[in-house]
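Undergrad: Let chain H serve as the given structure and place chain X on it in line with the hints.
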Amino acid sequence: MRTAFLILALAPLAAFSQTIPAPVPENEVFKREDIGHALAAPTPEAGHTAASPANSPADDGQWVMPSKDYASTRFSSLKEITPENVKNLKPDFSFSLGVNKGQEAAPIVADNTMYVVTAYPNIVYALDLTKPGAPLKWSFAPKPAPASQGIACCDVVNRGGTVDNGKYIFNTLDGQTIAVDIKTGKALWRTQLGNINRGETMTMAPTVAQGRVFVGDSGGEMGVHGWVAALDENSGKLLWRGYNTGPDSQVLIGADFKPHYPDDQGKDLGVTSWPPQAWQIGGGAAWGWLTFDAELNSLYTGVGNPGPWNQTQRPGDNKWTAGIFSRDPASGSARWFYQYSPHDEHDYDGVNEQILLDMPFAGKMQKVLVHIDRNGYLYVIERTTGTVLSADPYGPVNTSRGIDLQTGRPIINEEKQTKLGETVRNICPTASGAKDWNPSSFSPQTQLIYIPHENMCMDWMDAEVNYIAGTPYVGALVHMKPGPGGNRGELTAWDPVQRRPVWAVKENFPIWSGTVVTAGDVVFYGTMDGWFKAVNARSGDLLWKYKVDSGVIGQPVSYRGPDGHQYIAVLSGVGGWSGAVVSGPVDPRDGSAALGMVNVMSDLPKYTTAGGTLYVFSLPH
Amino acid sequence: MSSRYPTNCLTKLIAGAAAALLAGCNGPPQSAAAPTEQGDVHGVIDSALDPGVDHSLVTDDPRVAAYLNNADAVNTGKHLFGQYNCSGCHSNGGGGMGPDLMDDVWIYGGRLEQIHQTLVQGRPNGMPSWGGKVPDVQLWQISAYVRSLSLPQTLAAQTDNTPSQTPAPVPSEVEQDAGWSPPPATTNDYTTTIKGVD
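Chain order of the listed sequences is H and X. So in this note's numbering, spot 330 of the first sequence is number 333, and the numbers just go up one at a time. So in this note's numbering, spot 149 of the second sequence is number 159, and the numbers just go up one at a time.
Because the hints were derived from the structure by calculation, they are not lab data. Please read all numbers here as calculations on a predicted model, not as lab measurements. Ideal Cβ placement from N, Cα and C applies to all residues, glycine included. Any given hint could be a false lead.
Unchecked claim - Now the stretches of chain X that chain H is said to cover, found in silico as 3 or more residues with beta-carbon under 8 Å:
(1) 108-121
(2) 170-177
As the list claims (entries may be wrong) - Chain H is nowhere near these chain X residues, computed Cβ spacing over 10 Å in every case:
(3) Pro72
(4) Asn79
(5) Leu165
Stated by the list, open to error - On the chain H side, residues computed to face chain X include the following (Cβ under 10 Å):
(6) Ala150
(7) Ser151
(8) Ala333
(9) Asn469
(10) Thr474
(11) Val477
(12) Ala597
(13) Val601
(14) Ser605
Looking at chain H on its own, in the form it has when it is part of the complex (with noise of 0.2 Å):
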């Protein structure tokens, strides 16, 4: 008896084994308590953690922007929700985007009508929140070139749009920044940016600020040279573009740039941190999330990874990939830099999302970002010079030894170094990284982070490749792989004050979504076997699941209704990266596919098809 039992217990798991490598050993990745670094002990006491009102006004119950304020917080005041009600949440209407490829924006909701921009071919529809079942408005189709989505790297993806002045504003695939009437649904202006014969795609949710439109491109695996850009709002003429590579007339260095550390300072470290004319080719692309500070004037900008990935091709810091600029919002002068991998040989982009908070520090309030990068790292930093206050891992690290915090730079672990033609194994995180492109939220209420996030490692060995413009500059062959424990995602609950995680929940896939928290104290996120979850923002207790079609990659967001009552949207529709082996035509045979993804994805097409569709909850009222 005993035995059969057992034999049925273990028939899925063995299964399950052919398929999805073993889970990197515990003891291969460092402990947080060993190489977490502070620059002082927290000091709790000195204030409440919150977003200034200049970043994060008052809530009108819309969700004009993906990350809902200036700040990122995706904290939404609305509380009719709560952890004891949730369980009630329903369905109130679903609307399919028609687009069958992963779905990685945010709904916005401005003046009672949702709009919602798809994957490629980057579809924008207006629902009226008015009227019963919310009917189409109107919608706009940009036709962008086909041949952009051979040039992008990880699925057709668009992480949305924005609503400001009138205007819906999004990029395309390929390469243009538009501008939509959102009265006529006609497009007041398109702006070409990307060049796809140079691999360069949009894949980005612009920022609006002051007039301004703040762009950047993808295609760091394409050999691109990356920059941002800003637009005029009403015309879509480009005002300023710096390059994230290059010489520093190129970079928009100058005068007013007085980054805090040593290896950042220098003449034309763009040129001189590379090979010669390497920099041209070297990636360092913005195609993550750009954060503008209304209350210091700043915008805030990731740069993605160097390319190619193979390191050996590129011996240098690699300037100035990898890290964050703070430039003027006017002129895109840049003003600091920090890099959070100097010659990174893992593909840790630095464009994941900025949180701008006040927060205890030191025994006084300092306004600091917290960027939770690809790298494994937690970075708490001073934003007015670009100091790193503290920088904790957040996941699983064996790449580095943490943080030193008097140069800055990752104290290197030389065993999980990139070589030639030799496979180095059990590197942790993997290079899609702790946590990818996917925002946090933020409440001040809790004063906690959620941090939706990855827990996967990698086999990579590096290999020579050619540069041909328009086709992929990688050098790599990567074998991912589940990090320890097995668990391949997990939502964490972060306090950024006492720099520790509060409570986690462990998820079987990465967790590719977003999350967003509101003022009832409910955490929402999105799984990528198609479940909608509601947790308690406290403890992390599953309130509520429902099952969508697809799996889901979006940004929840919660709005007010025209009938006064609480919202929660999201996309579903699994994809991206780690979810191409179901959204694009990827064989699960070849675990080298979609960049080394499909050898820890290669079950998901067991859980999931490809889907798109928006669903909206609500209580019943």
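TA: For chain X alone, coordinates are given in the frame of chain H:
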């Protein structure tokens, strides 16, 4: 209209070239021995729909023969597949930015001349056009490797989760099927005509 191979009679009919119709559709290939070296593959069919006839036609490019049953071709093709960054999109056959190439789905046809034409011309959803940029012989070698990726022999040689490291030569018999016909065991009275060129 100077189609070298007996391909689409309807096209010729529309073109009004009665002589070509007679010669091309009922006779042997015209000047089949003199294909141009680079890129001119006019007449290769990349759709299973062929208006005006009741079955799919196939073409017979004489350049293909040199790359069949040829181990050097697939091994050189494997090397070139990496050198020209094909692997950047198609990985080791499993795909990523571009489609996987190790299954039995051929969007634009899986005969060597069809694969070659796809490489030469590019395809609208993201496949670059390589004609005139890469020596034609290399495009044929890459075509042979691509065809080899889904051969049972190649797949069987896979020892870990990085397939396609030991590509099998492309046997002549697989050249008869573009990848659009039903599986061999299918009972269907019109499959017998698929191979036929009038």
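Undergrad: It remains to establish, for every hint, whether it holds in the given structure.
TA: Hints, one by one, checked against the model:
no.: 1; hint: 108-121; verdict: holds (count 6)
no.: 2; hint: 170-177; verdict: holds (count 5)
no.: 3; hint: Pro72; verdict: holds, 30 Å
no.: 4; hint: Asn79; verdict: holds, 25 Å
no.: 5; hint: Leu165; verdict: violated, 8 Å
no.: 6; hint: Ala150; verdict: holds, 5 Å
no.: 7; hint: Ser151; verdict: holds, 7 Å
no.: 8; hint: Ala333; verdict: violated, 37 Å
no.: 9; hint: Asn469; verdict: holds, 6 Å
no.: 10; hint: Thr474; verdict: holds, 4 Å
no.: 11; hint: Val477; verdict: holds, 5 Å
no.: 12; hint: Ala597; verdict: holds, 4 Å
no.: 13; hint: Val601; verdict: holds, 6 Å
no.: 14; hint: Ser605; verdict: holds, 8 Å
Hints 5, 8 from the earlier list are contradicted by this structure; the remaining hints agree with it.
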